[in-house]
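> Spelled out from the first residue to the last, the chains are:
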Amino acid sequence: MALLQINNFNFTYAGDTKKVLSGINLTVGQGEFIVLCGPSGSGKTTLLRNIKREISPAGIKTGDILYKGMALDELKAEVSAKEIGMVFQEPDSQIVMDTVIHELAFSLENFGYAPDFINKKLSEMAAFFGLTEYLHKPVQELSGGQKQVINICSVMLTEPKLLLLDEPTSQLDPVAARELISLIHQINREFSVTVIISEHRLEELFSIADRVVYMDGSIIKYCNSPDGVSKEIMEAKDEYAVKSIPPIVRLFFSLSKEKGKGPGCGIPMSVREGKQFMQNIRCSVNGLTDMEIKKDWVEEIINCKDIGFRYAREEPMVLEKLTLKIMKGEFMAILGGNGSGKSTLLLAMAGLITPQQGSICVRKKNITYMKQSERNGIIGYVAQNPLLHFTLDTVKEELEFALQNSLKTGSKAKMEELIELFGLKDLTDRHPYDLSGGQQQNLAVACALIHEPEILLIDEPTKGLDSISKEKLAELLKSLKGKGTSVVMATHDIEFAAHYAEKCAMLFDGSISDCAEPSRFFSGNYFYTTSINRAVRDYLPHAITYEDVIRACL
Amino acid sequence: MNAGFSSVHPGVCFTYYTVIMAFAMILYHPAYLASMPIALITWLLLHEKGRSLSGSWHYYLLTGIAVLIINPLINHRGERVLFFLGEQAVTFEAVVYGFTMMLSMLTILIAFICFRQAVDNHKFLYLFSSILPKTAFLIMMSMGFVPLLTDRMKQISIVQKARGLDMTEGTAVKRAKDGMQILKILISWSLEGALQTADSMKGRGYGIAKRSSYMKYRIDGRDWLIMASIAILSAITSIGLYFGYGKLVIFPSLEIISMDITGIVFYSAFCLLLLIPIIVEGREILIWHCYK
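Protein sequences appear in the order of chains A and B. Sequential numbering from 1 applies to the first sequence in the numbering used here. Sequential numbering from 1 applies to the second sequence in the numbering used here.
Hints in this document: simulated from the structure, not taken from any laboratory. Given the structure is predicted, the values throughout are model-derived calculations rather than measurements. Even glycine gets a Cβ: it sits at the ideal position worked out from N, Cα and C. Treat the hints with care, since some could be wrong.
[Claimed, not checked] Reference listing, derived: stretches of chain A covered by chain B, where coverage requires no fewer than 3 residues with Cβ under 8 Å from a Cβ of chain B: (1) 347-354; (2) 415-429.
[As the list claims (entries may be wrong)] Rough simulated footprint, nothing fancy, chain B against chain A, three-plus residues with beta-carbon under 8 Å: (3) 74-86; (4) 177-186; (5) 461-474.
All chains, please: the whole structure from these sequences, using the hints.
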């Protein structure tokens, strides 16, 4: 008997007329690992929430969802809460208590278990999840990745049969995300817990998933094994869906189709398999050496010289003797691990915090001594969480407020142009909090650009975006560059930086450890590089993106 | 920190400091009163090198001195007049009374500090979770939010500077206005998060059954021993109090401060009571010393 059976399920949110889920059919067996993917707004979260009865959204439902052959509504409250566990995106807001041990005990306390039993359960689970050394720490002192581990552990304590995860890695850096995914894989294998995970980041998941469910526009468009789904999407030439497939898989299809060879082995899902596949390809390496586009940047715009910064005197240095130059019209990506100081560096360059040592000059003028309004005219800053920027009730007011603050005789025309450019036209009367994550970010960028700055500093712009939104963002940033605006972006997203940045800088131990064009930057790294580069580096050391390899091989 | 007297069961610690504070209010004998703050401070020095006092001791001292000065100024009872301040008589008895008040107040303040050191937030909540489980749970949740909100507040203030909202600059009115705006973001942001918190709580079965409370404090043999000592020693002191030992007649005229043999016996019992935390702490320090 299937663990979960969804029959012709439809869902419309209360007060809305558009179906968010229509005709969903899905059978999930015991112990399966299912990846739910598709663009934002395709109904992934709504589907997951409908499976978890306690938090299922209000609206009109038709069709049924059966758990172990029983309709969800007929399940006992205790069974539903215990056997179906759910973990959400945001690590912080899921946590209820203040220390790790109390957070973990929380779910068991809810079912009224005796303290001795809780103690016993905690001792085994905390050990499995490697949390024993953190047990008495305040939760807020832990990193985002550790918080998600706690959230999963807390859910696992009630021994669920079905684990639902809604983009659990979207707020994490790539290393923490990879760890979390392998932890989820381990749970799936060792406890035979059925996993349904919705994700944008598919590279690691394709190699471990049993099935991939691709949703688009409220329906399930593709549902098959990872191999099968890749094949179906490639054959259907589904332009959007193709972008969400891992680049190695895409490479396989393009090369084996064009060259008519390769299919001897299966579809490569991991770097290792990608390497094996490339052995059979044999492409011309020569094409790539002159690919490095040498540009001569002449005009220097930001000059950070030996800056040192810490948040408090007793705390360690976040930035130390950091020197970095940014040229006019350049698109620079600043990479680095979590907590390496990327955000701090951007804040310093924006003049919002003042380094204790060194100087930051913009156009040869020290930024510390400028007035905020003067800074706004030169530098636009967009924080990682765009919500931090908004205080007003509508998108329009927000833009007008920014316009008032502008020193340049800000023209209404400029505002209209930005509204058009950022696709905010139909949204001007909406509350900023009601926009999607991507739209909120666009609004924040638009507000920054109203001052017509020469530099845009943007922190983690691709966090939580699907591949299509990422591409749109890239287009936008490119069009800014076309107008002579320099862009400095702090990011975890190696693939995005490899594709679009013109220069990459690595922030490590408080200072810049490497700064070069993407092809040189990434090809010099062994691990911190794109999956494509890791797969083809023996044959094409300088190829870092799918397009690079295609160019070299065709 | 979970060592020495703070590793004793929170219920025992709570009883101990309640007893001490009660005695600080009832006792008037200067020997008794003076021993109390000395013993409490000694324990603080042993337990955490007096760190919790180092930043604030002068405030406590100032409060004490204020009591010492104000009491004779407003209290004119007593027989021996020292001098006249305007038309008000400052009496010797009132000065002595002020002195005892000062000691008793300092004792209570320091006992509070000791209590906070011995019983941290969690232990405190544990004490009350059996009486007020919901309140204790709520307080624990709120405590988790404090560092989160402070951190968010910092982030918002930095980013909002770029928009011209700054709580650290401008007139008081502007600063208050900007502060409100920043608070508004914090609240809307946190409310968004609170929805997810609620989902996460419901998802993990909150409200399905009667909640149990998981805490790891067990009463062991040592705790019983300490509890018994507290009970016996404070009983002896109370008996002494009943017969007038530890009291002091100040008004209308100060009696001669003295202590007879029986008085010394009762006083020793009281000193033993004061020494309990120091003995527990000292024993542990000694063990560590030998261990090295």
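> Could you run down the list of hints and mark each one as holding or not?
Quick rundown of the hints versus the structure:
1. With a threshold of 8 Å between beta carbons, the proposed coverage of the region 347-354 of chain A by chain B holds, since 4 of its residues qualify and at least three are required.
2. Residues of the region 415-429 of chain A with a Cβ under 8 Å from some Cβ of chain B number 0, which does not satisfy the need for three, so the listed coverage is violated.
3. For the region 74-86 of chain A, the proposed coverage by chain B is satisfied: 6 residues have a C-beta within less than 8 Å of a C-beta in that chain, meeting the threshold of three.
4. Evaluation of the coverage hint for the region 177-186 of chain A: breached, as 0 residues show C-beta separations to chain B shorter than 8 Å, against a requirement of three.
5. Only residues whose C-beta sits within less than 8 Å of a C-beta in chain B count toward coverage, and the region 461-474 of chain A has 0 of them, not enough to reach three; the restraint is violated.
Hint compliance for this structure: hints 2, 4 and 5 are broken, all remaining hints hold.
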